[in-house]
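J.: Given next are the chains, with one letter for each unit.
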Amino acid sequence: MSVLAEVLTVLLNGLQQGAIYVLVAIGLSIILGTLKFVNFAHGALYLIGTYAGLLITLEINVTDGKLADWGYTPIGLEWGFLPALIIVPVVVFGVGLLMERFVARPFYDRPDTDQILLTFGLAIVIQEVFKILFGGQSYNFARPGWASGQVGLPIIGTFPEWRLYIIAITATVVVLVYGLIEYTDFGLVVRAGTRDAEMVELLGIKLSRPYLMVFGVGAALAGVAGVVGGPLYAVNPNIGTEILVPSFLVVVIGGVGSIAGAVLGGILIGETLAIMVAIAPQWSQVGIYVLAAIVLLARPQGLLGSEEVAP
Amino acid sequence: MSDEPTETPEAADETGSVVERTQRELPSWERVRESELFVVGATALAVAVFPWLFARAPVISGVLNGYQDLATLILIWGIFAMGFNLLLGYTGLLSFGHAAFWGGAAYAAGVFSAQVSSSPVLVILAGTSFAALSAWILGFISLRRGGIYFAILTLAFGQMAYYMALSPLAWITGGENGFTGVQLGKLFGVFQLRYPVPMLDWLVGTWKYVLVGGVAVLCVAAANRILHSPYGMVFRAIRENDQRAEFVGLNVWRYKLMAFVISGAFAGVAGSLYTVYSAYVPLSSFYWTTSGEVVIMAVLGGVGSLFGPILGAGIYLYVENIVSGIQQLTLPFTGPNEWLTLVEEPVVLLDGFGAYWHLILGLVFVAVVVLFPRGIWGLFQDLGGALRRLGGSAVKRLGGGR
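Protein chains in written order, with my numbering: chain A, 1 to 311; chain B, 1 to 402.
Hints are computed from structural coordinates only; laboratory data are not their basis.
Please note that the accuracy of each hint is not assured.
One side of the interface only, derived from the structure: several residues of chain B facing chain A at Cβ under 7 Å [what the hints assert, rightly or not]: (1) 94; (2) 151; (3) 218.
The C-beta atom is built at its ideal place from N, Cα and C for all residues, glycine as well.
Make a model of the complete structure from these sequences and hints.
T.: So, in structure tokens, the structure goes:
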């Protein structure tokens with residue numbers, strides 16, 4: 001294996017790692033940029049997405065937790081991965097709508113700190129509910145059969161097929177969301193609302209529905225991330241909080257409210273992780289925080305963030 | 001505290017209310033309650049009787065089921081939450097990275113005790129200085145962004161500390177196993193920490209509690225002094241409106257940084273005390289759930305008051321240690337093993353209750369954030385105020401009044 005092949009493999013791994021962060025971070029970023037609402041429960045949406053995906057994809061055996069007590073030890077529909085990829089975002093979209101209406105909306109006028117505290121508490125509650133239902137143990141979210149093999153690539157040689165699918169799915173979703181925000185009337189209203197919500201309302205456009213949709217879309221993206229990322233790690237009730245911190249870093253590095261920023265930040269963090277794992281595995285996790293510190297010291301509003309959108 | 005009616009109209013007069021305050025001959029009850037001597041004295045008294053009330057008093061301890069070490073732990077976390085509240089409740093900055101200072105101090109204290117000196121006082125000083133220093137550095141970076149970004153950044157750098165301790169620094173921190181080499185000598189070279197206090201062991205138990213309790217009283221005194229000084233006034237001004245504080249000519253950024261350092265130092269005191277308490281530093285003391293716990297404690301008890309967070313710490317640890325052991329939630333006064341039993345057969349409300357403690361605490365936390373932004377302590381204050389008003393109006397109706 002040549003040096004070039006190794007470098008390319010590492011970079012491709014970084015891209016795949018970053019792809020998950022991108023999916024989670026875009027939702028965080030547009031919710032934060034448009035609604036000025038900081039959602040510490042976004043990781044919990046990822047958690048919901050993963051478990052929903054788990055239930056749809058395979059018949060899982062629950063050995064402890066409330067569901068087992070009630071007699072539902074084997075649960076799940078065994079519909080396969082593609083249905084999960086379509087159904088889960090819809091489900092989590094619904095959860096997002098509920099969250100906007102009943103959690104976020106009453107708190108738009110409260111201080112930032114109250115929003116953080118509320119969503120933090122909500123994240124704990126959701127995590128605990130899942131712990132009670134499914135027990136604390138880890139499940140294996142098998143990758144779909146059609147993508148479990150290795151694929152031959154030029155120069156690199158073989159590469160796990162699933163990782164390429166992750167990159168492809170993420171790229172598709174990002175393009176769709178980018179199109180939605182940049183080229184539709186809905187996106188126009190959202191972008192205008194990000195700039196100056198008061199002016200948009202004065203023009204006679206009610207922002208409550210676009211806001212609802214933004215929250216739903218952001219949540220759905222976290223759901224997609226849950227399904228796509230599920231097979232990468234063991235699934236347990238803590239994954240929501242574990243993905244939250246790096247995703248926030250992606251938002252901060254990329255710049256709030258910017259989709260391109262979230263993509264750039266996600267790729268940077270993913271590549272940093274992959275490169276550090278390759279050259280200094282001990283420091284791999286520390287590396288992303290150092291990266292965040294450097295970016296902040298040099299450019300506090302984030303790489304692609306603008307000063308007025310992000311106070 | 002700011003919205004409490006502490007100032008009577010004459011004190012708020014245009015000519016220097018401070019002078020008037022000292023010249024009053026007979027201070028009212030409100031004034032006495034505000035005075036530093038009273039606050040510190042009452043705290044000292046409460047700290048002295050707390051373990052007895054909690055673990056050994058007749059009837060009360062039977063109901064509470066508490067134990068001596070839990071009382072110590074509550075004081076330690078109380079200091080942590082109180083320091084955290086100096087930042088959140090008084091300066092309005094929400095940090096999710098205070099585990100870095102708690103854990104940093106705990107590790108620094110542990111390493112110091114093993115390498116330099118095992119004197120408990122020096123160990124605490126070493127841990128505290130380390131925490132204050134790291135708070136300075138992290139605050140310097142995190143305070144480049146305000147509001148929500150500050151919360152995210154502190155969270156991120158707290159996690160960075162966790163991963164630093166986990167692997168690159170594992171040769172000194174012990175990595176996943178935590179730091180086990182804590183050495184503890186005698187307090188002032190005389191008192192062995194784990195020995196009971198002669199004559200007074202029925203009240204305060206061991207010297208360890210005396211040390212923790214003494215430090216806790218000092219911390220309350222320090223926090224009280226800071227909050228009632230002009231410096232603390234600036235913190236409150238920044239919380240209310242930092243732009244206006246800036247226009248008045250205050251260097252807001254500097255004050256915020258100092259608030260962060262002070263609160264980091266309190267976390268450091270608590271973290272080093274924890275090392276003294278448990279003679280072991282677990283890696284999880286760096287994990288961000290530790291920051292989350294202190295956030296919950298402070299908010300649950302009530303931000304913006306001196307004692308609210310300590311109450312919150314007490315409630316949290318009590319639920320975590322005692323309530324989580326309860327297998328069945330029964331109606332009060334039913335079933336055996338209670339000091340007052342009305343019905344012999346226990347009436348079970350919820351089976352496997354202990355497993356839900358985290359969920360219940362989470363729900364209570366959400367309810368507090370939504371309904372009582374000033375926490376349980378604020379709720380007590382409001383209730384007390386309502387009672388007093390009720391009494392006042394009754395007096396007025398009877399033709400009395402002041």
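J.: Does the closest beta carbon of chain A sit nearer than 7 Å to the beta carbon of residue 151 of chain B?
T.: The hint holds - residue 151 of chain B has a Cβ within 7 Å of chain A, the shortest such distance being about 5 Å.
J.: Take the shortest C-beta to C-beta distance between residue 94 of chain B and chain A; is it under 7 Å?
T.: holds (4 Å)
J.: Would you check whether residue 218 of chain B satisfies its interface hint, that is, whether its CB is within less than 7 Å of any CB in chain A?
T.: violated (29 Å)
Comparing the model with each earlier hint shows a violation of hint 3 alone; every other hint is respected.
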